[in-house]
Amino acid sequence: MDNDDDLPDARPSETYDTLANLPEGLSPADRPKVPTTLPPPGACDSHVHVLGGAADFALSENRPENPAGGRSWKDWLQMLDMHLSTLELERVVVVQSMLHGTDNAITLETLRHLGSRARGVAMISEDADDTLLTRLADAGIKAARMNLVHGGAINWNGAKTLAPRLAAHGMHLQVLIEADHHMEQIAEDIRTLPVPIVFDHIGWPDVASGPRQAPVETLRRLLGEGRAYAKISGVYRFCDAPWDDADEIVASLVAANPERCLWGSDWPHILLDGAEMPDAGLLVDAFHRAVTDAESRQKVWVDTPAALYGF
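Residue numbers (full-length UniProt numbering): 1 to 311.
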């Protein structure tokens with residue numbers, strides 16, 4: 001790829017307060033609203049994906065959908081700049097998308113472009129050797145992602161096999177589950193793994209069952225023990241805007257251990273599967289509605305991602 005350090009600053013020239021004022025032809029993924037309360041300095045979006053067309057980077061043969069047409073990798077980077085600058089987020093964690101599979105070239109090139117403000121999460125198979133893991137670690141990859149919801153390159157047994165090699169390279173595991181189906185099955189294994197585990201999308205719970213349901217209580221215990229992290233992300237996938245049905249669960253997880261919670265937008269909100277496209281500015285507002293104390297917010301936005309990802 002050519003050098004794209006001269007991509008323009010994507011900060012919007014004007015702000016707006018509601019989706020009704022979104023400029024014609026743009027979606028919330030193009031430009032979010034400015035949050036009512038901005039994150040603190042040094043804040044991190046701990047979960048975004050960067051996409052590219054087939055002309056830019058290889059797409060997975062097993063991809064569940066295609067990236068939006070007519071956009072190149074450079075276009076997606078400009079949109080990411082818009083997203084981060086509008087929300088005033090100084091750091092970002094780029095998570096390899098299922099659309100590009102285990103060919104992590106797009107994430108590695110994105111990290112190279114973004115520089116020291118970015119870290120990455122790769123998709124790899126359980127037979128990844130030390131040469132590959134060293135190359136990924138040197139490029140800023142901090143974790144390997146597995147997906148028990150949609151499937152992927154690695155299952156839980158494979159993750160357990162891979163974990164010691166990840167530990168040797170300073171990496172951890174990141175997992176997408178459905179709490180009702182997976183949490184109790186893997187909780188004891190998590191306590192014996194040589195690496196931390198990060199749960200995407202607050203473990204994907206059944207929000208109607210509230211914070212006292214068994215899978216959420218198990219996750220809270222894992223957070224309290226320091227064995228796991230929870231990303232406050234993806235709530236729009238399992239409840240409707242303004243996503244207040246998730247507030248009690250979010251608040252309970254942060255209360256269990258704010259040093260094990262991270263915020264992520266899940267931008268640009270692919271694989272919606274019937275969910276409504278969210279506005280990341282409103283997702284920031286939703287987090288601040290659920291978590292009101294400044295100390296916890298500071299840890300979730302700044303301190304915890306800085307420690308976990310080595311910013």
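These are computed hints drawn from the structure, not numbers from a lab.
Beta carbons: idealized from backbone N, C-alpha and C, even for Gly.
Just to be clear, a hint being listed does not mean it is correct.
[What the hints assert, rightly or not] Derived DEER-like restraints, expressed as beta-carbon distance ranges: (1) G70 to V34: 39 to 45 Å; (2) P41 to G170: 25 to 31 Å; (3) N157 to A214: 32 to 38 Å; (4) K74 to R221: 18 to 24 Å; (5) T161 to G210: 18 to 24 Å; (6) E276 to T131: 42 to 48 Å; (7) G226 to A55: 43 to 49 Å; (8) E259 to A214: 28 to 34 Å; (9) D75 to A139: 18 to 24 Å.
Cross-check of the supplied hints:
Separated by about 27 Å at the C-beta atoms, G70 and V34 break the suggested range of 39 to 45 Å. Hint check: P41 to G170, Cβ distance near 26 Å, so the stated range 25 to 31 Å holds. Range check, N157 to A214: about 23 Å between beta-carbon atoms, so the 32 to 38 Å window is missed. At about 44 Å, the beta-carbon gap between K74 and R221 misses the expected band of 18 to 24 Å.
Range check, T161 to G210: about 36 Å between beta-carbon atoms, so the 18 to 24 Å window is missed. For the hinted restraint 42 to 48 Å between E276 and T131, the CB-CB distance of approximately 43 Å keeps it satisfied. Distance hint check: the CB atoms of G226 and A55 are about 44 Å apart, consistent with the given range 43 to 49 Å. For the pair E259 and A214, the supplied restraint of 28 to 34 Å is violated, since their beta-carbon distance comes to about 24 Å.
For the hinted restraint 18 to 24 Å between D75 and A139, the CB-CB distance of approximately 23 Å keeps it satisfied.
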